[in-house]
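Could you slot chain B onto chain A? The hints should help.
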Amino acid sequence: SQTIHQWPATLVQPVGSPLSLECTVEGTSNPNLYWYRQAAGRGLQLLFYSVGIGQISSEVPQNLSASRPQDRQFILSSKKLLLSDSGFYLCAWGAPNPNEKLFFGSGTQLSVL
Amino acid sequence: GESVGLHLPTLSVQEGDNSIINCAYSNSASDYFIWYKQESGKGPQFIIDIRSNMDKRQGQRVTVLLNKTVKHLSLQIAATQPGDSAVYFCAENIYGAGKLIFGQGTTLQVKP
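Top to bottom, those sequences are chains A and B.
For the record, in the first sequence the residue sitting at position 22 is 22 according to the numbering used here, with numbers rising by one throughout.
The numbering used here runs 1000 ahead of the 1-based position in the second sequence.
Same shape as in the complex, but just chain A:
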């Protein structure tokens, strides 16, 4: 069966520090991968998605970047965190067919202080 791993679960970082969140998927090949951010009490905002290694689509201009160095690995990064980067970050995977459900990881609660 397919599983998705996301870590760390919580992270407290000072403003201006770098960020690296990692997500890996097991049990499937060539998945579509996604990074979402969720502000407290709000919906999910799509940040990045990838349909293959090295292929990254950015949905909103921001202080973050994403990379996909391997088929089942998706990384969210920042060189210098801002206060506004605080939030709940969720990684998700879906089958290559775009009309399929997404499966989410357990999320990372990022607090930038």
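No lab work stands behind these hints, which were simulated from the structure alone.
Note that beta-carbon positions come from the ideal geometry of N, C-alpha and C, so glycine has one too.
All the given hints hold, so there is nothing to weed out.
Derived Cβ-Cβ restraints for the label pairs, each shown as a range:
hint: 1; chain 1: B; residue 1: 1051; chain 2: A; residue 2: 15; range: 42 to 50 angstroms
hint: 2; chain 1: B; residue 1: 1054; chain 2: A; residue 2: 1; range: 22 to 30 angstroms
hint: 3; chain 1: B; residue 1: 1070; chain 2: A; residue 2: 16; range: 44 to 52 angstroms
hint: 4; chain 1: A; residue 1: 82; chain 2: B; residue 2: 1051; range: 37 to 45 angstroms
hint: 5; chain 1: A; residue 1: 80; chain 2: B; residue 2: 1054; range: 42 to 50 angstroms
hint: 6; chain 1: A; residue 1: 63; chain 2: B; residue 2: 1109; range: 31 to 39 angstroms
hint: 7; chain 1: B; residue 1: 1070; chain 2: A; residue 2: 53; range: 38 to 46 angstroms
hint: 8; chain 1: B; residue 1: 1053; chain 2: A; residue 2: 57; range: 23 to 31 angstroms
hint: 9; chain 1: A; residue 1: 53; chain 2: B; residue 2: 1042; range: 24 to 32 angstroms
DSSO-like cross-link-like pairs, simulated, lysine-lysine; straight-line CA separation at most 30 angstroms:
hint: 10; chain 1: B; residue 1: 1042; chain 2: A; residue 2: 79
hint: 11; chain 1: B; residue 1: 1056; chain 2: B; residue 2: 1042
hint: 12; chain 1: B; residue 1: 1071; chain 2: A; residue 2: 101
hint: 13; chain 1: B; residue 1: 1056; chain 2: B; residue 2: 1111
hint: 14; chain 1: B; residue 1: 1071; chain 2: B; residue 2: 1042
hint: 15; chain 1: B; residue 1: 1111; chain 2: B; residue 2: 1042
hint: 16; chain 1: B; residue 1: 1042; chain 2: A; residue 2: 101
hint: 17; chain 1: B; residue 1: 1099; chain 2: A; residue 2: 79
hint: 18; chain 1: B; residue 1: 1042; chain 2: B; residue 2: 1099
hint: 19; chain 1: B; residue 1: 1068; chain 2: A; residue 2: 101
hint: 20; chain 1: B; residue 1: 1042; chain 2: A; residue 2: 80
hint: 21; chain 1: A; residue 1: 80; chain 2: B; residue 2: 1099
hint: 22; chain 1: B; residue 1: 1099; chain 2: B; residue 2: 1068
hint: 23; chain 1: B; residue 1: 1071; chain 2: B; residue 2: 1099
hint: 24; chain 1: B; residue 1: 1056; chain 2: A; residue 2: 101
hint: 25; chain 1: B; residue 1: 1056; chain 2: B; residue 2: 1099
hint: 26; chain 1: B; residue 1: 1068; chain 2: B; residue 2: 1056
hint: 27; chain 1: B; residue 1: 1099; chain 2: A; residue 2: 101
hint: 28; chain 1: B; residue 1: 1071; chain 2: B; residue 2: 1056
Only chain B this time, still in chain A's reference frame:
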């Protein structure tokens, strides 16, 4: 831009009653819809989905209704239980876009 929105931010129901959570979508090209349940501090969990060639789909205690004429989606939960307390999101997939757009969510509170 296109968006998926929910009519009510919070829904409070008595345990054992049926719950109905509503969702409006704006893109007529959307062809696939999903309901997710999110408990506090966790990732969204898939509940049920429906494609645009259907108007109703049933699962275990849940039913999704799709009205394409008025671009409306609803989730019905039968015999609501305390474990159903969570935030519920609808999401739409716009044909060919390869990504889901989420609404703001409805908080379901189940009173014992």
